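Asks: Please build the complete structure, drawing on both the sequences and the hints.
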Amino acid sequence: MIRRPRILYLTGLTTAFALSVTTTLAWAWTGGVQQIGLPFEALGDPTVAGPGVAWSPAAEPVSPGSGQSAAPATTKARTGGAAGAAATPATSRRPRAAASSASAAASGGALAPRPATGGGCRVGAKLVPTCGVMWGVAPGAFTDTRGATALAAFERKTGRHQDIYHSYHLGIKQLFPTPEEIAIARQPGRERLLLINWKKPYKTSWAKIAKGDPATDAFLDRLAAHIKKTFPERFFFTVHHEGEDNVRPKAGSGYTAKDYAAMYRHVVQRLRARGVNNLVTVLVHMAYVPHTAWFDDMYPGDDVVDWIGMDSYSYSDPGYGHGDLTEMLNRQSSARPSWPGFYAWATRKHPSKPLMVAEWGVWASRRNPGYQAAFYREVGVQIRRFPRIRAMVYFETPHNQDKRDSRVDANPSALAAYRQLGSLPIFQVQVR
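Counting from 1, position 224 in the sequence shown corresponds to residue 224 in UniProt numbering; the numbering is continuous, with no gaps.
The hints are simulated quantities; they were obtained by calculation from the structure and are not laboratory data.
Everything numeric in this text was worked out from a predicted model, so none of it was measured.
No incorrect hints appear here.
The calculated lysine to aspartate or glutamate pairs, modelled on DMTMM-like cross-linking and capped at a C-alpha distance of 20 Å, are: (1) K211 x D297; (2) K258 x D297; (3) K208 x D245; (4) K228 x D217; (5) K126 x D303; (6) K173 x D221; (7) K203 x E244; (8) K126 x D302; (9) K208 x D221; (10) K349 x D297.
Replies: Structure representation (structure tokens):
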């Protein structure tokens with residue numbers, strides 16, 4: 001067990017308490033109710049590198065305050081990988097090994113200061129950083145500790161402020177942002193951007209919503225009024241992430257890829273028509289290769305999509321999804337040999353859209369405990385190969401549906417490497 005200085009423990013408790021007392025208890029399943037369902041040359045160590053990669057396609061105004069793997073042999077996991085045993089990859093891009101540094105885990109520690117407001121990387125009207133990559137988290141997934149408490153614990157152990165807080169909502173009963181989410185976004189001196197993920201009611205099909213389901217439309221109208229009244233700040237908004245996992249291709253199912261596109265478009269247009277102008281929309285795909293054939297039909301249109309997102313995970317044990325950052329972002333499979341990888345596809349198909357890794361993580365393994373640390377170190381080396389990536393949001397859970405663990409402190413060397421990764425200059429962006 002890692003001992004943390006007592007004052008840091010009290011500081012974390014104070015942060016969580018300060019947020020929670022300003023809110024009502026909100027049912028916001030961070031980690032998700034539905035989830036409970038440029039050519040690159042050697043850049044050296046980016047720890048000492050200069051400013052982050054500049055953004056060019058959007059050219060938007062800045063607001064001052066503001067490797068090929070075999071297909072898995074069994075059913076895939078909802079987190080974009082494979083469940084159960086996986087086939088051995090044809091080739092594997094593995095993180096470079098490095099000596100373990102458990103003594104450098106820096107367990108606890110004061111939170112690193114936020115980037116200075118006078119210059120550096122900032123966000124524009126569509127929340128695209130002028131340079132650098134925003135850093136975020138969905139903390140406490142699949143646990144009873146979510147929201148402000150989980151966020152404070154994550155920031156304490158990783159030693160830095162998170163730019164983006166990712167939360168999940170399901171159905172048409174709860175309005176969002178919740179009081180707790182608003183408090184998280186507005187915490188004095190530690191403001192954050194919200195990434196709110198909404199999925200429709202289970203029993204209402206995409207096709208029905210697209211045609212104007214009365215109950216869903218009534219909720220969207222209440223939601224619009226709530227957002228306008230309580231939260232004028234810009235925030236990321238995702239409509240039914242990983243929709244390809246629910247596609248039913250049979251005509252008339254109500255869940256075809258084109259039904260999804262129509263549903264997504266209807267939701268965004270209805271909110272905007274009722275005065276919600278602060279949505280920054282993110283279309284989030286599951287980077288599971290066999291389902292990528294539906295992506296084109298799922299696209300609702302440039303006018304209702306601001307960012308393109310992906311959910312992808314790396315596996316510590318050899319097999320499907322085992323490799324480095326390049327493998328995770330450009331995963332290929334014998335199940336669809338023509339697929340170039342998500343990053344390669346998105347940059348070609350949507351050249352004007354910034355890209356977000358809306359969920360990512362490394363599934364830990366007792367058989368290969370050094371893999372997590374090696375992967376985090378490799379992210380720091382390889383991230384500049386992917387200049388269109390403008391945000392990375394970690395998905396942390398001690399156990400997903402398949403009992404996999406993505407905690408950054410699964411072992412001391414992993415935590416040390418993740419803390420070092422988050423301190424790199426490229427991940428320092430001023431979001432408010």
